[in-house]
Amino acid sequence: MQLALFSIFSLLMLAFALGVILLRNPVSCAMSLVMSFVALAAVFVTLDAYFIAVVQVLVYAGAVMVLFLFIIMLLDLREEKRRRVRLSAWVGGGLVVGGFLSALTQVITALPALDVVKPVVSHPMANDVALVGFALFRNFNLPFQIIGVLLLVSTVGVVLLSKKELK
Amino acid sequence: MPTLAHYLIVSGLLFAIGLGGVLLRRNILIIFMGLELMLNAANLSLVAFSRFNLLADGMPNYNGQVLVFFIITVAAAEVAVGLAIIVALFRAKQTTHVEDLNTLKF
Chain A
1 MQLALFSIFS
11 LLMLAFALGV
21 ILLRNPVSCA
31 MSLVMSFVAL
41 AAVFVTLDAY
51 FIAVVQVLVY
61 AGAVMVLFLF
71 IIMLLDLREE
81 KRRRVRLSAW
91 VGGGLVVGGF
101 LSALTQVITA
111 LPALDVVKPV
121 VSHPMANDVA
131 LVGFALFRNF
141 NLPFQIIGVL
151 LLVSTVGVVL
161 LSKKELK
Chain B
1001 MPTLAHYLIV
1011 SGLLFAIGLG
1021 GVLLRRNILI
1031 IFMGLELMLN
1041 AANLSLVAFS
1051 RFNLLADGMP
1061 NYNGQVLVFF
1071 IITVAAAEVA
1081 VGLAIIVALF
1091 RAKQTTHVED
1101 LNTLKF
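Chains as they are written, first to last, in the working numbering: chain A, 1 to 167; chain B, 1001 to 1106.
Source of the hints: derived by calculation from the structure; they are not laboratory data.
Keep in mind the model is a prediction, meaning the values are calculated, not measured.
There may be inaccurate statements among the hints.
What the hints assert, rightly or not - For lysine to aspartate or glutamate, the following DMTMM-like pairs were computed, each having C-alpha atoms within a straight-line distance of at most 20 Å:
{"#": "1", "chain 1": "A", "residue 1": "K118", "chain 2": "A", "residue 2": "E165"}
{"#": "2", "chain 1": "A", "residue 1": "K163", "chain 2": "B", "residue 2": "D1057"}
{"#": "3", "chain 1": "A", "residue 1": "K118", "chain 2": "B", "residue 2": "D1057"}
{"#": "4", "chain 1": "A", "residue 1": "K164", "chain 2": "A", "residue 2": "E79"}
{"#": "5", "chain 1": "B", "residue 1": "K1093", "chain 2": "A", "residue 2": "E79"}
{"#": "6", "chain 1": "B", "residue 1": "K1093", "chain 2": "A", "residue 2": "D48"}
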C-alpha cells in the first residue's frame, strides 16, 4: 500500500516535472509545475512530514506559482515559435545530466546502508507541527530571526528593483 | 515498503530533470522553474533522511525538516527577487530569450 502510494505520486511528480521542461507554452509549464509541487507534497505525506507538506502546498503551489503566472501574464509571453535546435547544446546537456544520473545510481546501489525499510516511529500520532515548532524555536531560533531579516531585505529589494527608474 | 534508496533515486531523477531544464531550455522563466525543481529535489532527500534516521526516542530527526522549512523560505524570497530582475530585464530588452541577452558575451 505504502509502496503503491509512493510510486503513484513519485511517477506523477516526475511526469509533471518532465512536462515543465518539455512543453512549449509557458503557462502549461507553470501549470505542470504546480501539479509537480502538489504531488511532491503527497510524497512528503508518505514520509510523515505533514507540516512540510502543508507548507509546500501553501508556499510553493500557492504563493510562488501565483507569482510565476502573474509574471507570465505581465510579460505577455507567447508560445515559443523559434525552434532552432542546437545539437551541441542538447548533446552537452544530455551528457551532463546522464553523467550525473549514472554517478548517482552508482553511489546509491553501492551503499547497502541505504536499502533500509522505513523504521517505525514510537509515537505515530504525535503532533508533527508542534515538534517541528519546538525544533525551530529552541534549536534554530537565531537562524529563524535571520530568515525574517532576509525576507524583509528581499521585499525591499523587489520594491527597489521594480521601480521605473533607479536613482 | 519504499526504502531510503527509492526516495533518493526519485530525488535524483527530479534534480536531473531540473538540471536538464536549466541546461536545455532557452526561456529564462523556464530556466527559473528548473531551479525550483532542483530545490525541491534537495528538499525531498532532506525529508527522507529525516524520516529514516530516527533519534534515540524513536521520533524522526526534525532538524532536517527545519532545514527544509528554511529552504522553502529562502526559495520564496529568491523567486520574488529573481522575477523582479526578469521584469527589469524585459523592460530593458523586450525579451526573455537567453540567447538575445549577449551584451556580456565574449
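Against the structure, the hints come out as follows:
no. : hint             : result
1   : A:K118 / A:E165  : violated, 55 Å
2   : A:K163 / B:D1057 : violated, 53 Å
3   : A:K118 / B:D1057 : holds, 16 Å
4   : A:K164 / A:E79   : violated, 27 Å
5   : B:K1093 / A:E79  : holds, 18 Å
6   : B:K1093 / A:D48  : violated, 47 Å
Taken one by one, the earlier hints fail for this structure at numbers 1, 2, 4, 6, listed in ascending order.
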